[in-house]
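Undergrad: Since the structure of chain A is provided, determine the placement of chains B, C and D on it from the hints.
There are 4 protein chains.
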Amino acid sequence: MFTIGVIGCGYWGPNLIRNFFNLQNADVKTCADLSEKRLDHMKQLYPSLQTTTDFRELTGDTGIDAVVIATPVSSHFPIAKEALEAGKHVFVEKPLASSPEEGTQLVKLAGEMNRVLMVGHTFIYTAAVNKIKDVIDSGELGEIYYVSTTRVNLGIFQEDINVVWDLAPHDISIMNFILDAQPISVSAVGHDYIRSGIQDVAFLTLSYPESVLANIHVSWLDPNKIRRTTVVGSKKMLVYDDVSSLEKIRIYDKGVTVTPHYDTFGEFQLSYRYGDISIPKLDDAEPLKIECKHFVECVENGASCRSSGAHGLDVLLTLGTSDRSMKQGGAQLTIEYPEL
Amino acid sequence: MFTIGVIGCGYWGPNLIRNFFNLQNADVKTCADLSEKRLDHMKQLYPSLQTTTDFRELTGDTGIDAVVIATPVSSHFPIAKEALEAGKHVFVEKPLASSPEEGTQLVKLAGEMNRVLMVGHTFIYTAAVNKIKDVIDSGELGEIYYVSTTRVNLGIFQEDINVVWDLAPHDISIMNFILDAQPISVSAVGHDYIRSGIQDVAFLTLSYPESVLANIHVSWLDPNKIRRTTVVGSKKMLVYDDVSSLEKIRIYDKGVTVTPHYDTFGEFQLSYRYGDISIPKLDDAEPLKIECKHFVECVENGASCRSSGAHGLDVLLTLGTSDRSMKQGGAQLTIEYPEL
Amino acid sequence: MFTIGVIGCGYWGPNLIRNFFNLQNADVKTCADLSEKRLDHMKQLYPSLQTTTDFRELTGDTGIDAVVIATPVSSHFPIAKEALEAGKHVFVEKPLASSPEEGTQLVKLAGEMNRVLMVGHTFIYTAAVNKIKDVIDSGELGEIYYVSTTRVNLGIFQEDINVVWDLAPHDISIMNFILDAQPISVSAVGHDYIRSGIQDVAFLTLSYPESVLANIHVSWLDPNKIRRTTVVGSKKMLVYDDVSSLEKIRIYDKGVTVTPHYDTFGEFQLSYRYGDISIPKLDDAEPLKIECKHFVECVENGASCRSSGAHGLDVLLTLGTSDRSMKQGGAQLTIEYPEL
Amino acid sequence: MFTIGVIGCGYWGPNLIRNFFNLQNADVKTCADLSEKRLDHMKQLYPSLQTTTDFRELTGDTGIDAVVIATPVSSHFPIAKEALEAGKHVFVEKPLASSPEEGTQLVKLAGEMNRVLMVGHTFIYTAAVNKIKDVIDSGELGEIYYVSTTRVNLGIFQEDINVVWDLAPHDISIMNFILDAQPISVSAVGHDYIRSGIQDVAFLTLSYPESVLANIHVSWLDPNKIRRTTVVGSKKMLVYDDVSSLEKIRIYDKGVTVTPHYDTFGEFQLSYRYGDISIPKLDDAEPLKIECKHFVECVENGASCRSSGAHGLDVLLTLGTSDRSMKQGGAQLTIEYPEL
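Protein chains in written order, with the working numbering: chain A, 1 to 340; chain B, 1 to 340; chain C, 1 to 340; chain D, 1 to 340.
Calculated directly from the structure, the hints in this document are not laboratory data.
Among the clues, some could well be false.
Identical copies carry no separate label here, and so any pair may be met within one copy or between two of them.
Result set (BS3-like, lysine-lysine): computed pairs, CA atoms no more than 27 Å apart in a straight line [claimed, not checked]:
1) Lys225 - Lys235
2) Lys327 - Lys37
3) Lys235 - Lys281
Isolated chain A (complex conformation) (with noise of 0.2 Å):
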């Protein structure tokens, strides 16, 4: 039996530990938090849990063999290397770290000490993500030209991160799973509207190889939410709506076909294709337990891990740069990935 411990049973840590506790080959056997008010709902929901609010309790516990962290960003750093140092495996929430520093430090800890480091980007075990990628990787779609997302919500505002450290990691994650690549550079504008120095709109813009483009808008301003990614290719298009509950992958068969010939007068015209849409019916299996199945197998069978430490970082460099690129009003920076 994989046993583990679950530290901040806060908004999400719950879900964590409802998962992990689903999971036949695996047990929870303690969970931390600094209020004692939730875990003493935890100890009613789970009688056979035992709680503490010291988190060293869990890291020292040699029967402990992972520990999962759902804690404020800025804390993921210090209690995650105290894991790993620890020889546990460690599962954290997104983002990985507060900065790309803290990320490489942990991405290459977990390394030298050969335990697994995943994050929890959700998204990328989701069917909808998944089945972009398959279309994708089919070559239905063509050659993909650009990507572009819309995250925009009333906000739940964070004191410590603004807009793009909480929203844009989802639509980072995404785009580099389904693109299977790294973004090259990034520029990216924000506006602080509600609170002085913490972002609440922004616009990324993402150049990844082979030209592929991608333009990412979070807010924490629009009181109508929206979960939009589309996809552009030279032969279909693909438009993914997370907020409809049952048509949320839409396929537009049409394309620009370019074509050969050019009259006299220098004119040209595009032939077009316009075609059908499908709405192909997705799997309704929740996230969260096929994220938290892949982390026992990880460990486990040494499964390669989808959303690995690796990835984590991927995610906050271009974070740490688009902070960068706002800093400096927008200018293009190219993002710096350190040898792991």
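TA: Relative to the frame of chain A, chains B, C and D by itself:
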């Protein structure tokens, strides 16, 4: 009777001819086009119309008060210049000219000749855009934070202009009109996927006074036509969907208000106000008819021109600066407005 | 050249004139209307057109091969009768006549005179309705279970006919066409809220052969235009939304299949198949153009007429029986089809 | 403390147990089910709960004040009867019983025993349905003309009841509640496509006082879930779409007003008022919670019960009359309300 000559009877010219014909106090005397076939077609539709392949027969006709120009963009400048110099009032399709320099010359010339120079920015004559302006001016949205627009479709590819020059003039004209302001700076990123050297996708970020941001996404590559403008304010949000026939404007009565209180742990809460959505009924009048009528009024009554040469020049300057920004990889460039 | 006279230049007549004018092998010689003003307007649009206030100038003109009738419903019968008796082919707007008896007379008369009698059931010339018929005929939907239609809007209230006669002819014509069948019986319930004695809302239930049910909801009182037809089959369901411009037809690949197995407790399980949704691209051709062309072909080549007098009479018989059912409080009445 | 026993822990029972558990002034003492497995599951979720396979341990327990019945429809009557006779207050899931006769007996018995009998018509505890009632009562819609509902999906096929008994109770309960009236008569047409003798599609037409018509379409065969209720009034129309998460209610401010003037030719014009659409914000409270709380209040404070036995009986009588109408091919039958 106000007498008009129309130059260019291709894609858009016939619409202008029809609308001016239907005005009671205006008459279309002559139309010019390089194609005899188009002229024959116009003659068939309007037997009273005189036709010519030489536009100078219009600019040189003392019986013509005003010239309407609906030719390819590159010829706007020379024809408009000649018409103004001949003492004609000029209505020219958007964009005003091929470059800010040309546009500046035309605006100055119109001033010197004391003639009306109007640009065919039709959107600011629509019921929807005027409703938006009214809503903003009334303060219903609160302080404006940012505007975001998407104008994408499978393109009518142009051989001489890129997607920014083709589609973004609508957005810039609308934004300048509803915000009653000129953008201070612009950064733009684009790419040429289909025809080398001509951007078919672009993302622009504009900074307006009072910290209002604007983001424009234009594309010729998306096989699903979108015409969406979102205006986010401190109190409400307005979404303008020009593709919808019956529900073009939606106003979301939701907002975020910062609560003054922070508890001892430094946490803070933002109170959310969620409210009703309203979809106002809009008038059905054809905007082109209103625009044509407005042109006649400007000439006859000296009315202040809503889409004046100066308005069209502001758009041109933004387009020109966007082109330079795209060449510099998305640099944020200040827009230089000339003395007029 | 096939020569046509058009009687009635009000709401729909000008559309018919325009379409027949645009056919290469047909000519509109004369049009008739009681209003001189309408005739002047037609003359202005088509200078070659002869006009008259006396429709007998058309039926009596040996230079006219066919008469197109777009007058109020109550005059369809006398005019069509006179035209057929004069040896003209006749195209009459829907519904064919004011009563089944009149309709029967016209169909018989056309047979005796060996002339084409066609009714303007335009919908069965649309790309959408023909796509539905193709999909049904291909077996893609499986066995057809039932059809349900909603055709509601704020009405153009008619003084001489009720909402069933105004709107339901479309639905009955479409259903008879796509099912390739005649309804066996009908029950109808309606009410007259606005004008006493003229139903403005009604619900009809039709029984077709092979246990196919059809339900029709028509109303002049709904301030939101709906044009929706749902065809439910054993394998798939098709929804036709005529208000949608780009997504008129959706095919839901889901169905219910009875499992053969029942366990010992008498319970049974139905296996569900949920699948993709597809939105086929439809052609954009104007149905009225296709309809007018079809009329000429029927006359010239003896093509079998898709919306023949007999088809129009089936619709009339259903309307007449519906009226009787409404008077009897919704009694299910068998539709009596006359020997022709 | 108000003590409750719950009989039936299958599909719906656990929801009731959870909600009653969460009420501060109520306690669930015992639950009964024929399946030991279900009882074990309940015990695991609520360790304090007593369990039994014999419902008479609840009806015979003097420590239990009220019995909640969530068993198959056919057992509602015998269990509820026994519980009432034992002096318990009774909350029974909809429909109240298997026949109007059974329902009448229960309502009379509850009256004689002076006990609360409440039926689980949950919809009339939703924010949406209460908003509709408020809007109607306020006169905002004007005089109500008709109500039309569609409640279709791929069915959870029932072996003992048809689609009318499964789905239409919701619509009838909602209509009776929002119109504050009982239907006078009903005509129904249905068909059994999948399982012989059990209708899986049906269309009902109800007549309410003051000439209000209602049409109900229910089906287990449509692979696209629809839950739509349209209320058309003389001034406005309200559409309630229960499938939509954020825009459940839309009010269309459009209407038809008869103009008093008729010109000499007997023509008449109807003036149209088109106006805004509004989408009111609704509360998010769980209706089942409100319903359970209401049951406790009815018992403890003698509050008038919104979904009383009499309300449930009205629904039953309409269902029973519909069944008879379907057997008679859609005959319009008067609903006979018993003296209570």
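Undergrad: Any hints this thing doesn't respect? Which numbers, in order?
TA: 2
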